[in-house]
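Numbers in my numbering are just positions in the sequence shown, counted from 1, shifted up by 89.
For the record, the hints were derived by calculation from the structure and aren't laboratory data.
Under the rule of at most 30 Å between Cα atoms (straight-line distance), these lysine-lysine pairs were calculated in the DSSO-like manner:
(1) Lys499 / Lys312
(2) Lys251 / Lys225
(3) Lys358 / Lys369
(4) Lys486 / Lys368
(5) Lys377 / Lys400
Label pairs and their calculated CB-CB ranges:
(6) Lys369 / Glu305: 42 to 48 Å
(7) Asp468 / Glu359: 48 to 54 Å
(8) Tyr399 / Val267: 52 to 58 Å
(9) Thr373 / Lys403: 23 to 29 Å
(10) Ile490 / Trp434: 38 to 44 Å
(11) Leu280 / Gln193: 23 to 29 Å
(12) His224 / Asp152: 29 to 35 Å
Source: prediction; values computed, not measured. Glycine included, every Cβ here is placed at the ideal spot set by N, Cα and C.
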Amino acid sequence: MQRKSLLEWKPISDRILTVRMKSSVRLITIQCYAPTVRMKSSVRLITIQCYAPTEVSEEEPKDVFYQELSTLQKVKNGDIIILMGDLNAKVGSNNEEYENIMGQHGLGQRNSNGERLIELCMEHDLIIGGTQFPHKDVHKVTWTSPDQQTQNQIDHIAISKKWRGCLNDVRNKRSADVGSDHHLLIGKIKLKLSAVKRKAQFRKRKRYNVVTLHNETNAKRWKDRMNQLSLEKTEMKIHDENNIESLRKTLKQKINQTLSIDEKTRITKEYKKIQKNIKKSARTDKRKWIDGIATAAEEAAVTQNLKELYKSTKLLSSTNFSKNQPIRSKNGELITTTEEQLTRWEQYYSELLQQNPNFSEAESEQHDRDTKYLEIDQDIPTENEIAEAINKLRNGKAPGIDEIPSELWKVHTKASS
90 MQRKSLLEWK
100 PISDRILTVR
110 MKSSVRLITI
120 QCYAPTVRMK
130 SSVRLITIQC
140 YAPTEVSEEE
150 PKDVFYQELS
160 TLQKVKNGDI
170 IILMGDLNAK
180 VGSNNEEYEN
190 IMGQHGLGQR
200 NSNGERLIEL
210 CMEHDLIIGG
220 TQFPHKDVHK
230 VTWTSPDQQT
240 QNQIDHIAIS
250 KKWRGCLNDV
260 RNKRSADVGS
270 DHHLLIGKIK
280 LKLSAVKRKA
290 QFRKRKRYNV
300 VTLHNETNAK
310 RWKDRMNQLS
320 LEKTEMKIHD
330 ENNIESLRKT
340 LKQKINQTLS
350 IDEKTRITKE
360 YKKIQKNIKK
370 SARTDKRKWI
380 DGIATAAEEA
390 AVTQNLKELY
400 KSTKLLSSTN
410 FSKNQPIRSK
420 NGELITTTEE
430 QLTRWEQYYS
440 ELLQQNPNFS
450 EAESEQHDRD
460 TKYLEIDQDI
470 PTENEIAEAI
480 NKLRNGKAPG
490 IDEIPSELWK
500 VHTKASS
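Please put together the full structure from these sequences, using the hints given.
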């Protein structure tokens, strides 16, 4: 479903990836690793995946990083913002004066990057999800030092305060082997996405009512137009690709002038509506039938009619199993083991695909020398050969790439060829 909801995937740089998605109720844009991009949609989902400078980095790269994140102010009110990633920020558990953007379930002591993150969340009304849910400390840790002595919570997932109800949980998954000193951080977000309706890339084939050719008047009109087209064809260089395409278009125009569009095409919409009602009625009848059997089983249980109870229960829980035909040896003996059955299948196909599996090498060479290979005529087919091939075409079959049914070609084979 997520793949079908995707509207746009656009990498901006080595730190920026933009993904735009659609929800069931509104247009959504997902953006990873960077500030948002201007969109025409009034409501979007902006997810920003970040990799922030470390705590010991100089102030300038930190300022640049948070200045880029401050472009969140361009996001319209009501948009869903999800900020997540390696922010190298420790926010701690003390939420005094910050109750509206974090809980008391953080880990460690707040550092400089933590202050910057809190200020950013205050500015854009974001909730730091990792501090909202009570977990053991081992489930809050997102980074462990190489010497295994230091553990911190520096990866975070934050969401717009208005949409905090969508965030159900945030915790690490220590069992995931990600080949990093960071633990996999998982946020459970409940948000319904819908598939994007895309325009079909194929063109629907026009269906002609060839049944009308049984009428002598219609058949005569079609023959006359075929004769006229046959005269025009002789003036063309038939092997010229442009002339062939022009001839095909002209032929389709003649068909449109002679035959009406298939009636089935006209009533397709009504047919689908009736089909939908039939399926709905079938489901209703099936529910009534099951309810009736369940009621009978309940009454049988009350009256201790075990025979009727067993019959109803078996009817409700019955399952049809496909039964495979038994495999037998050449002598007609039943083969039960899997290994013997596979051997028998191998033997069967070896005999089936080889006319004489006991040929010696000399006999095989003699057979190859005596074999006469058919010669394929590569000359241009004559009109009589084309007419013969047209007459052999079967009615009621799907047309070829020219979309012209075989019935139309067979009305006047001489002109068609």
